[in-house]
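Enquirer: Take a look at the letters that make up each chain.
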Amino acid sequence: MSAMTSTTALRLGLLCTAIALALPSQHASAQAMDQSKLQMSMPMDMPMAPAKHKPATKAKAKKPASATSSNHPTLRHRVPKPTLEPVTGRTTMDMPMDHSTMPMDMPMDHAAMDHSSMPSMSMVPKEPITPIPVLTDADRAAAIAPAGGHAAHDNSIQNYTVIDRLETWNAGHGAGMRWEGQSWIGTDLNRAWLRSEGERIGGHTERADLEILYGHSVSTWWDVVAGVRHDFKPGHPQDFAAIGVMGLAPYKFEAKATAYIGKSGQTAARLEGEYETLLTNRLILQPLVEVNLYGKDDQRRGIGSGLSTVEAGLRLRYEVNRQFAPYIGVVHERAFGKTANLRRTGHEDIDDTRLVAGVRIWF
Amino acid sequence: MSSDSFGRNASGPFSPSRRRFVQGLAIGGAVAGLGLWPRQGWALQSIGNRNVLSGTEFDLVIGETSMNFTGRTRNAITVNGSLPAPLLRWREGTTVNLRVTNALPPGSMHGHETSIHWHGILLPANMDGVPGLSFNGIHPGETYHYRFTVKQGGTYWYHSHSAFQEQMGLYGPLVIDPIEPEPFAFDRDYVVMLSDWTDLDPTALFSRLKKMSGYDNYGKRTVGDFIRDAKRDGLDATIADRKMWGRMRMSPTDLSDVNANTYTYLMNGTTALGNWTGLFRSGEKVRLRFINGSAMTYFDVRIPGLKMTVVAADGQYVHPVTVDEFRIAIAEVFDVIVEPSGQDAFTIFAQDMGRTGYVSGTLAVREGLRAPIPSVDPRPILTMADMGMGGMDHGGHGEHDMASMPGMDMSGGGMVKHPASETHNPLVDMQTMAPVAKLDDPGIGLRGNGRKALNYAMLKSVFDDPDGRDPGREIELHLTGNMEKFAWGFNGIKFSQAEPVRMNYGERLRVVLVNDTMMTHPIHLHGMWSDLEDEQGSFHLRKHTIDIPPGSRRTYRVRADALGTWAYHCHMLYHMEAGMMRQVEVKE
Numbered sequence: 000m001s002a003m004t005s006t007t008a009l010r011l012g013l014l015c016t017a018i019a020l021a022l023p024s025q026h027a028s029a030q031a032m033d034q035s036k037l038q039m040s041m042p043m044d045m046p047m048a049p050a051k052h053k054p055a056t057k058a059k060a061k062k063p064a065s066a067t068s069s070n071h072p073t074l075r076h077r078v079p080k081p082t083l084e085p086v087t088g089r090t091t092m093d094m095p096m097d098h099s100t101m102p103m104d105m106p107m108d109h110a111a112m113d114h115s116s117m118p119s120m121s122m123v124p125k126e127p128i129t130p131i132p133v134l135t136d137a138d139r140a141a142a143i144a145p146a147g148g149h150a151a152h153d154n155s156i157q158n159y160t161v162i163d164r165l166e167t168w169n170a171g172h173g174a175g176m177r178w179e180g181q182s183w184i185g186t187d188l189n190r191a192w193l194r195s196e197g198e199r200i201g202g203h204t205e206r207a208d209l210e211i212l213y214g215h216s217v218s219t220w221w222d223v224v225a226g227v228r229h230d231f232k233p234g235h236p237q238d239f240a241a242i243g244v245m246g247l248a249p250y251k252f253e254a255k256a257t258a259y260i261g262k263s264g265q266t267a268a269r270l271e272g273e274y275e276t277l278l279t280n281r282l283i284l285q286p287l288v289e290v291n292l293y294g295k296d297d298q299r300r301g302i303g304s305g306l307s308t309v310e311a312g313l314r315l316r317y318e319v320n321r322q323f324a325p326y327i328g329v330v331h332e333r334a335f336g337k338t339a340n341l342r343r344t345g346h347e348d349i350d351d352t353r354l355v356a357g358v359r360i361w362f
Numbered sequence: 000m001s002s003d004s005f006g007r008n009a010s011g012p013f014s015p016s017r018r019r020f021v022q023g024l025a026i027g028g029a030v031a032g033l034g035l036w037p038r039q040g041w042a043l044q045s046i047g048n049r050n051v052l053s054g055t056e057f058d059l060v061i062g063e064t065s066m067n068f069t070g071r072t073r074n075a076i077t078v079n080g081s082l083p084a085p086l087l088r089w090r091e092g093t094t095v096n097l098r099v100t101n102a103l104p105p106g107s108m109h110g111h112e113t114s115i116h117w118h119g120i121l122l123p124a125n126m127d128g129v130p131g132l133s134f135n136g137i138h139p140g141e142t143y144h145y146r147f148t149v150k151q152g153g154t155y156w157y158h159s160h161s162a163f164q165e166q167m168g169l170y171g172p173l174v175i176d177p178i179e180p181e182p183f184a185f186d187r188d189y190v191v192m193l194s195d196w197t198d199l200d201p202t203a204l205f206s207r208l209k210k211m212s213g214y215d216n217y218g219k220r221t222v223g224d225f226i227r228d229a230k231r232d233g234l235d236a237t238i239a240d241r242k243m244w245g246r247m248r249m250s251p252t253d254l255s256d257v258n259a260n261t262y263t264y265l266m267n268g269t270t271a272l273g274n275w276t277g278l279f280r281s282g283e284k285v286r287l288r289f290i291n292g293s294a295m296t297y298f299d300v301r302i303p304g305l306k307m308t309v310v311a312a313d314g315q316y317v318h319p320v321t322v323d324e325f326r327i328a329i330a331e332v333f334d335v336i337v338e339p340s341g342q343d344a345f346t347i348f349a350q351d352m353g354r355t356g357y358v359s360g361t362l363a364v365r366e367g368l369r370a371p372i373p374s375v376d377p378r379p380i381l382t383m384a385d386m387g388m389g390g391m392d393h394g395g396h397g398e399h400d401m402a403s404m405p406g407m408d409m410s411g412g413g414m415v416k417h418p419a420s421e422t423h424n425p426l427v428d429m430q431t432m433a434p435v436a437k438l439d440d441p442g443i444g445l446r447g448n449g450r451k452a453l454n455y456a457m458l459k460s461v462f463d464d465p466d467g468r469d470p471g472r473e474i475e476l477h478l479t480g481n482m483e484k485f486a487w488g489f490n491g492i493k494f495s496q497a498e499p500v501r502m503n504y505g506e507r508l509r510v511v512l513v514n515d516t517m518m519t520h521p522i523h524l525h526g527m528w529s530d531l532e533d534e535q536g537s538f539h540l541r542k543h544t545i546d547i548p549p550g551s552r553r554t555y556r557v558r559a560d561a562l563g564t565w566a567y568h569c570h571m572l573y574h575m576e577a578g579m580m581r582q583v584e585v586k587e
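Chains as they are written, first to last, in numbering that gives the first Met the number 0: chain Y, 0 to 362; chain U, 0 to 587.
Isolated chain Y (complex conformation):
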């Protein structure tokens, strides 16, 4: 990029110098306008010329023809050919030969160019106008930085806990209670996660699980998590190894997908997606879907292999403040396949629709 720019700059510079020096001074202002136009219209990705020095006469001979014909109608007639030769000679003489030190700014500065300033093109100093102070031992002593460096908070341990759903409903034979929450502690890229969800009906825990996971950010929006899941209920407690992903999908869908392998050989998967629709900046409608799948039948826990249960909820919360939001919602849960068969056999409903009320809290 810089090589290209400097080459372009060089050619422009030669061109401008030639033109500027050639023009009678009374045309200076008109020329300045035109040249600024020329510069503006130069495409950024102008074809790169070979990075070797070209005789200035060549640049003069080629460039004005094309550039002036398209951008400088006024200039076309004003460049008096005969005067170009001596000017060119002078330009060649004044131009630094080393491309790497070509003055980037000078050729570009032609919007304000006038004749008197032109010679300064060749006068970009190699040495600073304001001299660099000669260092003393006192300067060196003052420049010694202390050991240890500056304390930063950029890798600090933070934590976050959200109880996304804490809700109750009338379950017919007692009140139902449901929770789902998660918590992390760690840095931006590495976090320990706790996740839990469960359900109680009539004071009896129907199901409850707790996951302890390590999560690592693998991309801007996604964390890979791995760890263990402990099911307290249904049935006897059982443990799984867990691996999954969680993050923010395009269009701001929050998504979680986790696969589980149990000691008993049971396998399972849980998929969860949710979205937030802002009715206002405080009144938020949250659709949510959770899908559970199992690899094996587990009749004692009422689980059949394959797609087991799907829960779809629509919750409307009001953020009293960011951290406290009561909500109401409607939730539909349905069992599928063998799980549904097991429920039918046990004279249970295979689906259930309920009105819920709860709170969402984070801290």
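In case anyone wonders, no lab produced these hints; they're calculated from the structure.
Be aware that one or more of the hints could be misleading.
Chain U side only, calculated, beta carbon under 10 Å to chain Y, not exhaustive [claimed, not checked]: (1) Phe163; (2) Asp215; (3) Tyr217; (4) Lys219; (5) Asp464; (6) Arg468; (7) Tyr504.
Cut-off 27 Å, straight-line C-alpha distance, at most; resulting in silico cross-link-like pairs (DSS-like, lysine-lysine) [what the hints assert, rightly or not]: (8) Y:Lys125 x U:Lys586; (9) U:Lys210 x Y:Lys251; (10) U:Lys586 x Y:Lys255; (11) U:Lys210 x Y:Lys255; (12) U:Lys242 x Y:Lys255.
Calculated Cβ distances over 10 Å to all of chain U for the following chain Y residues [as the list claims (entries may be wrong)]: (13) Asp138; (14) Asp163; (15) Glu196; (16) Asp208; (17) Lys262; (18) Gly305; (19) Val330; (20) Leu354.
For glycine and all other residues, C-beta sits at the position ideal for the given N, C-alpha and C.
Here the structure of chain Y is known, so what remains is to put chain U in place on it, guided by the hints.
Expert: Okay, now just chain U, sitting in the frame of chain Y:
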């Protein structure tokens, strides 16, 4: 009280009365009228603010002081009991001695260590006041003796560089009288220091940003906005727009991370209710030295009914330019001259860039007057063009045709090359495609509002490049972030993981900054000037803090004439603390 002489002026009497004043103000909630300003006997051109310390010898004591700006009392961190800290007035060419004592009580919420950094001042590295880089910080009971020769004139400021102390009150104005007469005339002289106050513990605020970076954004687009936009722009265009933002997983209303939902804005340490007042007589020229001492707030400043002529930026003279309004980035300084007449009072109105609040004060012929206070402007919406995502139409004329935007190519294969460290980096959530300098862009929310707003193209140093050399090399850094995680850095790398930026003593180099985030960042290099270049790469404007808006690529020259280790960072306090910082080492 205020003093134009160069004798020391103890501030003792101010501390207790100031405390009562501030508390009384908020509890009363009334316009106090500020009858405390000295009204007579001040020489023309003396600084109109109270609490001025001038001379060469200064004793500054950093401690806790109870403040009440909101109805709740909090312990601010103050210098000599005042917020802002006392105005220090130096003279160019003198050697100043500043003995800064840490009198923070044990267990202070502000931490045990403190520091003062002299923002924009050229000085030896061990006087720069950054703990761990310049010196070891000032520990409880210790006094650090800053001593250096003042090599410049103009308006500057000073603040703590320890943890979050800058948020909690440790900032103050610095006025240096130049040796040479100034190239403009004025009859009165006031510092107008803007800042943002919160009752929250800033450590908790930082944690809150890490948990939920969008906490303060109550302007997110809703279903109602969708319907309104669909009616105005058509359903297809509106869906295309929402899809584009949705794919990026961002909100076009994310203009600031912390806004007036959290902050109370202050002018010279006073709320809008307190109405800081600067007096004038009709026809006088009044110099206002605007300093943005905020932690996180960009202000858009105007004085309805008055034109403002900007005569200096970041302490350095510019060709005078007259405007109706200017945006002042955090840590920037603009000296303006106004000539109030025809009214008894004018409102100095400073609204935050996100349009969530404001602070105001008054220029008046006597105490107790007020002029009408304008309402806060409508909240602007970021466009893809604002972020350099296609559409070079940054001159900005309001609406952009979203449907004509090119598809989002997040691979960065466009016109700008991105550092390899940004690729597959979780700490990078976007990359700009076609950034431009935008020097002639006043910024989002200031385009086409009927007022003439300042931009960097209008500001030109009155002097030529004092160094003159062409840059011998370039250092290109990209500003990056992950807004969701509230993680910030350069090139996708946070301060604590980054190698220092190395400069060779005496070299002239070009710094190229590309903004790969959707927010604007004020970038400050300690110890050396940042000489902003124009779009042709020529010296344009000497500054100490350069604003880099989203979708922009700006370049500036640095003359590495200050040996030692220096801080280089985004001056949004929480961005710096979240990693948008580098250590610059100038070595022989």
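Enquirer: I'd like to know which numbered hints this structure contradicts. Please list them from smallest to largest.
Expert: Checked against the structure, the hints that fail are numbers 10 and 13, while the rest are satisfied.
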